[in-house]
Amino acid sequence: MDATSASAGAAAAVKADAPMTDGKPRTAVLRMEGIVKRFGAFQALSDVSLELFAGEVHCLLGENGAGKSTLCNVMFGVHQPDAGSMWLDGAPYEPHSPRDALTHGIAMVHQHFSLVEDVSVLDNLLLGQVRGWLDRKREAQRVRALVAELGLALDPDARVAELSVGEKQRVEIVKCLIREPRLLVLDEPTAVLLPAEIDALLDTCARVVARGCAVVLVTHKLAEIRRIANRATVLQSGRVVARSSTPSADVDALVRAMIQRPGNAEQEAVSTTTATATPRSTTRSASPYARPLADEALQIDGLTVRDADGVTRLEDCTLVVNRGEIVGIAGVEGNGQSELGAVLAGMQKASAGRFFVQGADCTQAAPQTLTKAGVGVVPEDRHAVGCVPDMSLTENLFLNRLDDYARHGFMQRRAMRRDARALMQRFDVRAASPDVAFRGLSGGNQQKAVLARELTLDGLAVLIAAQPTRGLDVGAVAAVYDHIRAARDEGVGVLLISSELDELMAVADRVLVMYRGRIMGTCVPDASQLNLQRERIGAWMAGQTA
Amino acid sequence: MTPTTSSSSFPRAAWRGSRRVRTAAVLGGAALVAIAAALALIAIVHVPLGDALAAFADGAWGSPYAIGASINRSLVFALVGSGFVLANRAQLTNVGGEGQIAMGGIVATAVSLYGHVAHLPFGLAFIVPMLAAALAGAAWGALPGWLKVRAGTNEVISTLLLTFIAVWFLYWCVQSEALLRQPMSNAATLPESLEIPDSTKLPLLASAISTGLHIGLPITLVLCVAVALVLTYSRFGMHLRAVGLNALAARRAGMPITSTIVGALALAGALGGLAGALMLQGEQYSLKAGFSSGYGFDGLVVGLLARSSITGVCAAALLFGFMRSGGINMEMVASVPSALVLVAQGIVIVALAGGSLWLEPKGARS
Amino acid sequence: MNAEFAAVFVGSSIRFAAPLMLASTGELISERAGVLNMSVEGMMLSGAFLGAAGAWATGNAALGLAIGMLGVLPIALLQAFLSVTLRANQIVTGIGINILALGATTLAYRELFGERSSAVIPGLARWSPPGLGAIPVIGEPVFHQVWLVYLGVAILLATSLVMRRTALGVALHAVGAAPRSVDQSGLSVTRLRYGAVLFSGVMSGAAGCFISIGDIHTFTEGMTSGAGYLAIAAIIFGNWKIGRTVGACLLFGAASALQFQLPLIGVHVPTALLVMLPYLLALIAVAGLIGRQTAPLALTQPFRR
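Protein chains in written order, with our numbering: chain Y, 6 to 551; chain A, -15 to 350; chain W, 154 to 458.
These are computed hints drawn from the structure, not numbers from a lab.
Just so you know, even glycine gets a beta-carbon here, dropped at the ideal spot from N, CA and C.
Any given hint might turn out to be false.
To be verified - Chain W regions said to be covered by chain Y (calculated; three or more residues, Cβ under 8 Å): (1) 249 to 262; (2) 323 to 329.
As the list claims (entries may be wrong) - Selected chain A positions facing chain W (in silico; Cβ < 7 Å): (3) 135; (4) 140; (5) 148; (6) 337; (7) 340.
Build out the structure end to end from the sequences listed, making use of the hints.
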């Protein structure tokens, strides 16, 4: 395997020399050379080269923001490269739209589904596939045949809005396979799947390549690809930093290539990405309190949430977060964590049950009341709920306490700016000035700003952090957990909701597992039993109660 | 595709770099097209260009009285436009200016004629009807706001529907003797209300009697300044911005969403209602069918043109005020249909809206 | 109140509902595809004028209708260009086009016909389906309508069929609900939306022609007086479903018909109130008082890849 060590410095990665030692040379289905893509001032891809062969699963690895999605969008014609060229079966290939890519036999399943919700699966599959009058019965039969051949379970007549996330993804995949593509690109398909669904997906990939197709699987989780990858390419900050034609053997080297710098942060990132055991005692800092304070910071009692269609998303949730402890909630996204977070933030009404903050019943409380009661929230969708991206950094830092700076209804902007600078200093939020638009900050700095706002609330007793490290690079991840631990050390009760199991195991004092809206079990992370615990948690995450 | 370098020509670089340059270019372009179209239309209706332009100039600024009339007209536009800009700060589009003017006019008439205010001292005789009109306009604006919050109703549709309802309500009021119609002497009299008492008419500005300017001018100026201050410096202004840019985050941050939305539209409506009172008590002195006659939509256009700045509102309002006076005179004297002004307005709106692609600040993606 | 009176009322309602039905058939498709055309009013007015002028110039009402329907296409093209290609605010551009159309048709009318014209404008003939028109008492008032009404019904049925049973229908529905899925399937979002807006334009033109050469056989300035907005209101009332929209149009038509029917039975309701009634009904619908509204998800949102 060839890998370059990404030693000191951020973008110091050297372009890997990558001979494919396969025995005999083959024509690549798709060859990309020197691809460059910029979005304004942001360099998404620099000089990326890649070769994809038929009958192989090629894994594209990298942290969030490494450029994997952009590269796939270039393949699929969504974006046009600023420099570089592509060849399809040896012939020049320059798609100007997805339609071009599709006519050339390249299909893509995106991370965010684009399905028409209020019609049937069949109507979604037929889009662009048929002309003229529709014979729905005959088309449904054809779909059933195809789906059986692929070993997938899918009902053409089901209404898309009623499908689970895994089933919707299956629709997206079948949408691609119906066209019998030569290259299938899957962008982070496993992010929303259960372990069992992930197995099914990898199975499908195997069947697809057996038919002669080439598959590109984009992921930042190595554990899954060990089973299926024939080749792997690692991207970091828009550059290729490593390649391998024997990925399962080279896992450790690939991981090292993915992350930026050694140190504590690396340990946690390593444990995130390899899903392997990491001795936890060296990195985990125990709470300075001998045992958590007796006060209950947050008490949830029988909380139930039913959505607009009557589907129960959260069922009878009961848990306690004491002051000075971090309680983690593990589980694949979509199992009720979002609803739990929304109710605790005052953004959604519970259908039944109650929750108490420091003994006060806050079940029906509006967000403002919750803030006054001492609840800080780092929401899972930072841009949708956590900030107003087009307002300035200063305004976002004090978004929930504007009243503090209002005199006779008018804002004291100078005081706000002064305090903003202090917060920026304290939480290491890097920006040109407090008056820049929030949108212009990097993901990591944005999250630090949100943390700064929530952690400096007057009388903070509970911090709800939902998916706090999503989309962040390793350095930012470390900073986020440093701040969360600091809050815990000062007596705040932290409820940490995350789908990154390894981060939870490294940071939380207790881990609860959610599946389909119910809590399946609790576990106190213990270095000596890590593997066993992970197995048990994995079973819970998949819904097994034993 | 080769990467772009900075070796592009100066105009292109200026276009790309500065929003001010782009705005000026698009506004200028729109104005030029509209003027060109107007001139072409004047030619098409076979009116000598000189005559038409002379009549226009005469009507717009040809005499102190003409100037006064133009400015009085622009007060209405400025109020409606300011209301539009205020609501727009929260991404609310108030299209109901016309209806709010109508409701304001109706209530001002009713209070002036039958509210026993004619004998009140200290100017209350004309102030009370104005306040009542503003309240009526506020209610007419608050309703769509409340519908938006409760039912998610698109305020463009609801304010528009309420406009039609208000206009026809006004028609009914002046048609029906039981309501506001003056007692008929014979069947040929046009439907209109009695003339309002002298004490309820807006007093003229002492220093400029010959212009016919009335007290509405200082009132409007003060209100425009107030709106500008509120938008830029007040907490309510921040709430408006936050709710407009990201209502979910505003809710999570504890901002009062309902009162912000309802308040924004109510304030816009109040300004519209006040504009109606100015029209009644300052100029027309009795309520006639067709009272609002497009002033509300003109105010809407003024608000759109101003691109969120109150100074822009005042400038555009003056422009439209003079244009309307000029247009009316052009029709009376030179027989150029005032529909020409509509065409020019339509072109300007379409050109500006179409050019918005280039007017938005870079990076502000929806 | 007897059968004849009721029949006249029904026939009158159909007459008032017809332009709404024609316009909303087209606009419904446009909105299902994600584009809101506030300019229906302006396109109807332009169609009314072009139809009247065309009929007068050629002496043939049917030709006038054709001119009215096709002559609106440039305006619809402008609206499509603004909404889809330039991604402008759909509401603002719609209102702008309405103002432009009002001014332009007024000017053009005065230029062609003078201020108060007594020009004879040929009108569209009436027709009734064989048999139905012969029914005693109710046949004539109810079924003897301008033939454009029946053409409109036919187009309505065809539209409904296309939306339900063809690939085009699936694509149009998808482009208003999830345009990205359409883009990724290789179809062109732009082409679909342009087509929908042009269809809306043609149907609005037909609606305008109904008012001018179908009903009154003349043109007056601003004669549509809000009918375009009523058509949009009918779609909202109908929750973006074809059947319910037509029902809404009939309801609004009945409200207008009451204006003329009520005085005949001695009930004196002020005209203004009856004119106001459809708008009031639309407001009630829009307020969600008759059920939850399910607009196409991508309505008014321009598509950017």
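Status of each hint after checking the structure:
Only residues whose C-beta sits within less than 8 Å of a C-beta in chain Y count toward coverage, and the stretch 249 to 262 of chain W has 0 of them, not enough to reach three; the restraint is violated. Counting residues of the stretch 323 to 329 of chain W whose beta carbon lies closer than 8 Å to any beta carbon of chain Y gives 4, which reaches the threshold of three, so the coverage claim holds. A cut of 7 Å between beta carbons decides the hint on residue 135 of chain A: the least distance to chain W is about 4 Å, and the hint holds. The interface hint given for residue 140 of chain A holds, since its Cβ lies 5 Å from the closest Cβ of chain W, which is under the 7 Å cut-off.
Taken as an interface hint, residue 148 of chain A checks out: its beta carbon lies about 5 Å from the nearest beta carbon of chain W, inside 7 Å. The restraint placing residue 337 of chain A at the interface with chain W holds, with a minimum CB-CB distance near 4 Å, inside the 7 Å limit. Because the smallest distance between the Cβ of residue 340 of chain A and any Cβ of chain W comes to about 5 Å, under 7 Å, the interface hint for this residue holds.
When each numbered hint is compared with the structure, a violation occurs for hint 1 only.
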